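These protein sequence lines map, in sequence, to chains Y and X.
Residues 1 to 169 in our numbering are what the first sequence spells out, letter by letter.
Residues 1 to 169 in our numbering are what the second sequence spells out, letter by letter.
Among these hints, one or two may not hold up.
Any copy, or any two copies together, can satisfy a pair, since identical chains are not distinguished.
Taking lysine to any residue pairs in the SDA-like style, the calculated list, with each CA pair at most 25 Å apart, reads [to be verified]:
#1 Lys-130 with Ser-12
#2 Lys-160 with Asn-86
#3 Lys-152 with Met-1
#4 Lys-83 with Arg-124
#5 Lys-15 with His-53
#6 Lys-15 with Arg-51
#7 Lys-152 with Pro-120
The set of hints was computed from the structure by calculation and includes no laboratory data.
As the structure is a prediction and not an experimental result, all values here were calculated from the model.
So you can see what is in the structure, the chains are spelled out below.
Protein chains: 2
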Amino acid sequence: MDVLEAILSRRSIRKYTTEPVTDEEVELILQAAMAAPSSGNARPWHFIVIRDHNTMDEVARMHPYAGMLPNAQVSILVCADEKLENHPGRWPQDCAAATENILLAAHGLGLGAVWIGLHPEIDRIPLIRKLFDLPLTVHPLSLVAMGRPNEKKLPPHRFKPERIHYEKW
Amino acid sequence: MDVLEAILSRRSIRKYTTEPVTDEEVELILQAAMAAPSSGNARPWHFIVIRDHNTMDEVARMHPYAGMLPNAQVSILVCADEKLENHPGRWPQDCAAATENILLAAHGLGLGAVWIGLHPEIDRIPLIRKLFDLPLTVHPLSLVAMGRPNEKKLPPHRFKPERIHYEKW
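Excised from the complex, chain Y in its bound form (with noise of 0.2 Å):
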């Protein structure tokens, strides 16, 4: 799928058939979430593959918008590690690279996917980082659901040229 046509016709997900995406899916699509630019190259991200359906539950549980998450066939969290970054502060921005990376390259490969947020909420992020038993340093940004596609969406319409500005504001 042509690069431009999978950004503008990608849409959020949340509605898998019973297919199984592959280990090979999966790690392409971490390739592609690792190729993402990040701040001074720092790449300061890990990921945690996660196919255990008790732990995706528990987080459905806990989470407002993430009742997709029983029916995924898969999922990704993704975070860094602050130790890793070369510009303090600029993780979410790194990890947002990837997960949009990600997101897209699920497209790409007929899957169907959504970002389920964590960061900055920090009601969340307690429970995630006891039920992956994070290390301190190491912040979750996001989860991504993601499973073959049970429901059709057209592309959106989020173009808004008023947004858009010329030279100054």
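Keeping the supplied structure of chain Y fixed, place chain X upon it in accordance with the hints.
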């Protein structure tokens, strides 16, 4: 260009030819930017398209990693209005996803681009705010310099299997 190929082959391009980047290319790139996911689909972003080299030269003088700007054909300031957020504090992630889309779309169009970091460096923000007349609720995340590539770079090798965990840290 295939989306996975685009993600895996994109590099930071800092050398540009004198060939112009068209308004049509900039609009397509901004369509890609605005197709990014955002927290609660709030799409809090605004974009400033800069072709004035006085402005780009001024940013290059005040920013330690913006030496390519005087040779860029166009640059795009990515910022967000906090008043548009559904979930406060998420705008850096939203703008980072939009910035990644800009980089990928530019690459897909045969352009070269590089992400110049602004947030959260507090010494850079006031100068940017003043230079572009940004309202106080509007926060700059990044500036993307672009042009037709005048350097060739091989695909990066950023994949680190040791950054992948399974089920738990």
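Each hint tested on the structure:
{"no.": "1", "hint": "Lys-130 with Ser-12", "in the structure": "neither (27 Å within a copy, 37 Å between copies)"}
{"no.": "2", "hint": "Lys-160 with Asn-86", "in the structure": "between (35 Å within a copy, 18 Å between copies)"}
{"no.": "3", "hint": "Lys-152 with Met-1", "in the structure": "both (17 Å within a copy, 24 Å between copies)"}
{"no.": "4", "hint": "Lys-83 with Arg-124", "in the structure": "both (22 Å within a copy, 23 Å between copies)"}
{"no.": "5", "hint": "Lys-15 with His-53", "in the structure": "within (16 Å within a copy, 48 Å between copies)"}
{"no.": "6", "hint": "Lys-15 with Arg-51", "in the structure": "within (16 Å within a copy, 43 Å between copies)"}
{"no.": "7", "hint": "Lys-152 with Pro-120", "in the structure": "neither (31 Å within a copy, 38 Å between copies)"}
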